[in-house]
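Model the placement of chain B on the given structure of chain A, informed by the hints.
Chain residues, written in single-letter form:
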Amino acid sequence: MDMANVFKALADPNRMRLLDRLHANNGQTLSELCKDLDMSRQAITKHLILLERANLLVTIWRGREKLHYLNPVPIAEIYERWIGKYERHQLRMLHDLKRALEGEHHG
Amino acid sequence: MDKPKVVYVTYINNTPEKVWNALLDGEMTKLYWGHSRNVSDWKVGSPWRHEDYADPSLVDVAGKVVESSPPRRLVLTWGKPADAGNPAKHSRVTFEIEPFFDAVKLTVIHDEFEPGFDITAIAQGWPGILSSLKTLMETGRPMSMTTRRWAGPPN
Numbered sequence: 071m072d073m074a075n076v077f078k079a080l081a082d083p084n085r086m087r088l089l090d091r092l093h094a095n096n097g098q099t100l101s102e103l104c105k106d107l108d109m110s111r112q113a114i115t116k117h118l119i120l121l122e123r124a125n126l127l128v129t130i131w132r133g134r135e136k137l138h139y140l141n142p143v144p145i146a147e148i149y150e151r152w153i154g155k156y157e158r159h160q161l162r163m164l165h166d167l168k169r170a171l172e173g174e175h176h177g
Numbered sequence: 257m258d259k260p261k262v263v264y265v266t267y268i269n270n271t272p273e274k275v276w277n278a279l280l281d282g283e284m285t286k287l288y289w290g291h292s293r294n295v296s297d298w299k300v301g302s303p304w305r306h307e308d309y310a311d312p313s314l315v316d317v318a319g320k321v322v323e324s325s326p327p328r329r330l331v332l333t334w335g336k337p338a339d340a341g342n343p344a345k346h347s348r349v350t351f352e353i354e355p356f357f358d359a360v361k362l363t364v365i366h367d368e369f370e371p372g373f374d375i376t377a378i379a380q381g382w383p384g385i386l387s388s389l390k391t392l393m394e395t396g397r398p399m400s401m402t403t404r405r406w407a408g409p410p411n
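Quick note, the sequences are listed as chains A and B, same order.
Start counting at 1 in the first sequence, then tack on 70, and there's your number in the numbering used here.
Start counting at 1 in the second sequence, then tack on 256, and there's your number in the numbering used here.
FYI, nobody ran anything at the bench for these hints, they're computed from the structure.
Each residue gets a CB set at the ideal place from its N, CA and C atoms; glycine is no exception.
Possibly wrong hints are sitting among the right ones.
What the hints assert, rightly or not - If we take Cβ atoms under 10 Å as the criterion, some of the chain A residues that face chain B in the derived model are: (1) GLY97; (2) LEU100; (3) SER101; (4) ARG132; (5) TYR139; (6) VAL143; (7) PRO144; (8) ILE145; (9) ALA146; (10) TYR149; (11) GLU150; (12) ARG151.
Stated by the list, open to error - Below are the BS3-like pairs computed for lysine-lysine, each with C-alpha atoms no more than 27 Å apart in a straight line: (13) A:LYS168 with A:LYS136; (14) A:LYS116 with B:LYS261; (15) B:LYS274 with B:LYS361; (16) B:LYS320 with B:LYS299; (17) B:LYS320 with B:LYS274; (18) A:LYS168 with A:LYS116; (19) B:LYS274 with B:LYS286; (20) A:LYS136 with B:LYS261; (21) B:LYS259 with A:LYS105; (22) B:LYS361 with B:LYS320; (23) A:LYS136 with B:LYS259; (24) A:LYS116 with B:LYS274; (25) B:LYS261 with B:LYS361; (26) B:LYS320 with B:LYS261; (27) A:LYS78 with A:LYS116; (28) B:LYS320 with B:LYS286; (29) A:LYS116 with A:LYS136; (30) B:LYS361 with A:LYS116; (31) B:LYS320 with B:LYS336; (32) B:LYS336 with B:LYS261; (33) B:LYS286 with B:LYS336; (34) B:LYS286 with A:LYS136; (35) B:LYS259 with B:LYS320; (36) B:LYS361 with B:LYS299; (37) A:LYS105 with B:LYS261; (38) A:LYS78 with B:LYS361; (39) A:LYS116 with A:LYS105.
Here chain A stands alone, though its shape is the one from the complex (with noise of 0.2 Å):
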């Protein structure tokens, strides 16, 4: 699994949406991913076979029920490996005050 593949699985809108979906929500089954998204079937299978190859969505089984679930595993290697220890400090600072800015502007 080498890093170029997980940024090419992440460079499209349509998968960043689907990734969404499952932080939002965890451990979904095609039915359930495919509910009021304005893409085929199809599309959103080819999205998700990305997804996983790039190790970035991890299926299993429950029963009849094929569940997908958001692997945060690569994203976290990622973020070792530019983030240093001494930095994630004052990148939180700033993440926060960002929130803390768009929230006040979002009301």
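This is chain B only, laid out in the frame that chain A set:
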């Protein structure tokens, strides 16, 4: 049956036996798993605990061995040491180790949380531990974030 809350996978360029040992060997876990070691005789039904490497009186997690099939599958219950007598408060962790071409696919499923359990800390912990385990087994060096004891979430 409730579906698992989190499922993690990492691919490690090593053998199933070595990955299995890395989950149990204190000299390895102190490097990638928050400076702790896992202590048990690893027989089904036996207790296990996750204690600080330097100070064994600091135990963050304790539970029982549910299943142990080296080097493929290890199932543990997972709880606070104070809840040892209360299985309802324990969640469950399953490690599955499968050969994957010349490497190993390690899957971690954490499920059976008590209703309302806040999994934030657990969901933040596993990805770092597993990616550090992979890095350690492939390069001989763990990630810096996992070599020291974690303070844990505020109560």
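Given hint ALA146 of chain A near chain B, where the shortest CB pair must fall under 10 Å: OK, holds: ALA146 of chain A within 10 Å of chain B, min 4 Å.
LYS286 of chain B paired with LYS336 of chain B [C-alpha distance capped at 27 Å]: 19 Å, holds
27 Å Cα cutoff - pair LYS116 of chain A, LYS261 of chain B: 24 Å, holds
Pair hint LYS168 of chain A and LYS136 of chain A, alpha-carbon separation not exceeding 27 Å: 37 Å, violated
Interface restraint verdict for LEU100 of chain A against chain B (beta-carbon cut-off 10 Å): 14 Å, violated
ARG151 of chain A as an interface hint toward chain B, with CB separation required under 10 Å: 9 Å, holds
Hinted pair LYS168 of chain A and LYS116 of chain A, Cα distance within 27 Å: Status violated; Cα separation ~34 Å.
Proposed proximity, LYS274 of chain B with LYS116 of chain A (alpha carbon, max 27 Å): Violated: LYS116 of chain A and LYS274 of chain B sit about 35 Å apart, past 27 Å.
Hinted pair LYS286 of chain B and LYS136 of chain A, Cα distance within 27 Å: 35 Å, violated
Status of the GLU150 of chain A interface restraint (C-beta, 10 Å, chain B): 5 Å, holds
Restraint outcome when TYR149 of chain A is required to lie within 10 Å of chain B by C-beta distance: Constraint on TYR149 of chain A satisfied, holds at 8 Å.
Hinted pair LYS336 of chain B and LYS261 of chain B, Cα distance within 27 Å: Holds, at roughly 19 Å.
Violation of the numbered hints given earlier is confined to hints 2, 3, 13, 18, 24, 34; the remaining hints are satisfied by the structure.
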